[in-house]
Structures are given as C-alpha cells and as structure tokens.
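Fit chain V to the given chain B structure using the hints.
Residues per chain are reported as follows:
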Amino acid sequence: MADQELQVTEKKEVRPTQGEFTYEGTYFTPAVDIYGTDKELVLLADLPGVNSESVEVDLRDDVLTIVGKVTPNIPEGEALLTEYQTGNYFRSFRITELVDQSKITASMSDGVLTLVLPKVEKAVPRKIPITAS
Amino acid sequence: MIRWRIGRDPLWNELDNLQRRMDGLMNAVSPWRPSAELPLWGHARLFPLLNVKEAGAQYVVTGEIPGIKTGDLDIKIEGDTLTIKGERKAAEIAESASYHRRERALGMFQRSLTLPKTVDPDNVKATYKDGILTITLTKSAAATPRQITITSE
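Protein sequence lines, in the order shown, are assigned to chains B and V.
For the first sequence, my numbering assigns the number 1 to the initial residue and increments by one for each residue that follows.
For the second sequence, my numbering assigns the number 1 to the initial residue and increments by one for each residue that follows.
For reference, chain B alone in the conformation it holds in the complex (with noise of 0.2 Å):
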C-alpha cells in the first residue's frame, strides 16, 4: 500500500433530488471515510478550504448534516490553468446506529473534518453469556 499512486477525485456538485438551497452557490459532496468500533463512529471528511468557524454540523433525529462554506479566496490576475472550481460543500448521512448526541466531538485541521459519534450504551453489543444447566 505505501507505493499506491494517489488517484485524482473530481469534485461532485451536490444536486438535490429534494429541495434546493436557499442560498445561492455551488456545493459539491466531500469525500468521507467513516469507521466503526463497538464503542464510537468516526467520520473523516475532506473539506479543503474550510475552517473550525465556517463549518456546521447538525445531528437532528437520525440525520447528520454537514455543511462547509468556504469563503472564496482566489487571486488576482489571469487564469492560466483551472482544474478545480470552488465552493461550498454538503453531505447528510441517515445515521442508523444509536448515538449519544451529548457527546460527540467534533474537530477541524488542515481541511479535514473529524467527527466522533459516540454509541449509546445501550447500542454497544455485549457478550451475552450462557449459561448451562
């Protein structure tokens, strides 16, 4: 895995089946990695452009909204190349696993957006010990 070539990923713009934003601007889907242990969630997004102030996420009843605005910072002069366009970035995920909603955490550096979704007890699976008679 170290020599794998980093492939390129185009930016998707979001374009919703149901309702629209109110607001204008582009919005494209980030890229998430999400990863599970019994105990917490992680998901990873990659928001470039965004920091910890311009960055909302909301978690109401099962769904999970994230929502990064980046405030367009393009230098001056003439375009020689543009391979990339910017702007904002949506995702929401329907979170199906219980998740204790008082704690999770939440975190921003270099771009990359963590959030830790912490199971409730009740969702962590437990051994269930049998028992012979």
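Derived from the structure by calculation, the hints contain no laboratory data.
Treat the numbers as computed from the prediction; the structure is a model and nothing was measured.
A couple of the hints might just be wrong.
Pulled from the structure, derived: some chain B residues nowhere near chain V, Cβ distances all over 12 Å [stated by the list, open to error]:
(1) 11
(2) 58
(3) 93
Partial chain V-side listing against chain B, Cβ under 10 Å, derived [stated by the list, open to error]:
(4) 53
(5) 66
(6) 88
(7) 94
(8) 96
(9) 100
(10) 105
(11) 108
(12) 112
(13) 113
(14) 148
(15) 150
Yeah, the Cβ is synthetic: ideal placement off N, Cα and C, and Gly gets one too.
Coordinates of chain V only, in the frame set by chain B:
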C-alpha cells in the same frame, strides 16, 4: 515524470485545434464519437488538481490537498518547472474498527508543471492553510518584460 505545459504554448494549442477539427469531421461523417475519456493531454488528470493564475510578475499556483502534514510535502523548482511531491497517509484506526465507507483517496503523488516563463528559485513562497497549498512564484528577471525608453537625439 510527466511534464505539464500550460498557457499559450503553440504546440498544445495546435493539438487542441487538431482535436477540435477531428471532432467536427467525425460529427459530419457519422454520429459515432470517440469517448471523451480518451487520454489526450487536455483530459488527462493528475493529483493534485491545480489552478494557476498569472498576476504581473507572479504566478500563483493553488491546489487542494486536505489532510497532509507539511513535512510530507516536497516542492521543487527547476528553471520553469515546478514539482510537487507528497504522500497522503491513512488515518490510524484501531484494529477492532471496520470501514463503512472509504472515499478519501490516499497514496503518493508527484506532479510537475512547466510554467510559461522561468521563475526565480530564491523567490518562492509556499503556504499551506486549511488543506489548500498556495505557491507564489516570481518570474526571473530575464523573463520579466522591460520597458525600453527611447531617447531622442
């Protein structure tokens, strides 16, 4: 190493024109069209995707490379060629953890970009903020246009 030419390079412009004309011809002859995914220069993509702006004596190169340590990035200047090299490493996860989704691309990358003019290797500024790499390069004195004053005798 793949070199990248940008700007008004007559060779690539000529190739683009050729491609356009071929497309036009194809359309005129039959409805069949070669796939847009053919690896022609205009379509080939390498990580990181870059935007280049020219402002006066400076070139500003920006690229989105989220989640990398600046120590894992290597930027080199050689005449008119800028090389960006690096590696995006995977997050360390516990052994008991399992991935539900894996979309973030990982691995090594290297990309060279040939700028239209030579740049001053001592006058390069690279910053990395919120996952965006910005490299500001200044054209070398020899490449900067000079105003010639005419003295009348």
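Hints, one by one, checked against the model:
1. 11: violated, 8 Å
2. 58: At roughly 19 Å from the nearest Cβ of chain V, residue 58 of chain B sits farther out than 12 Å, so the non-interface label holds.
3. 93: violated, 9 Å
4. 53: holds, 4 Å
5. 66: holds, 3 Å
6. 88: holds, 6 Å
7. 94: Holds. Min distance 6 Å.
8. 96: holds, 5 Å
9. 100: holds, 4 Å
10. 105: holds, 5 Å
11. 108: Constraint on residue 108 of chain V satisfied, holds at 6 Å.
12. 112: violated, 13 Å
13. 113: holds, 8 Å
14. 148: violated, 23 Å
15. 150: Violated: closest Cβ of chain B sits about 28 Å from residue 150 of chain V, beyond 10 Å.
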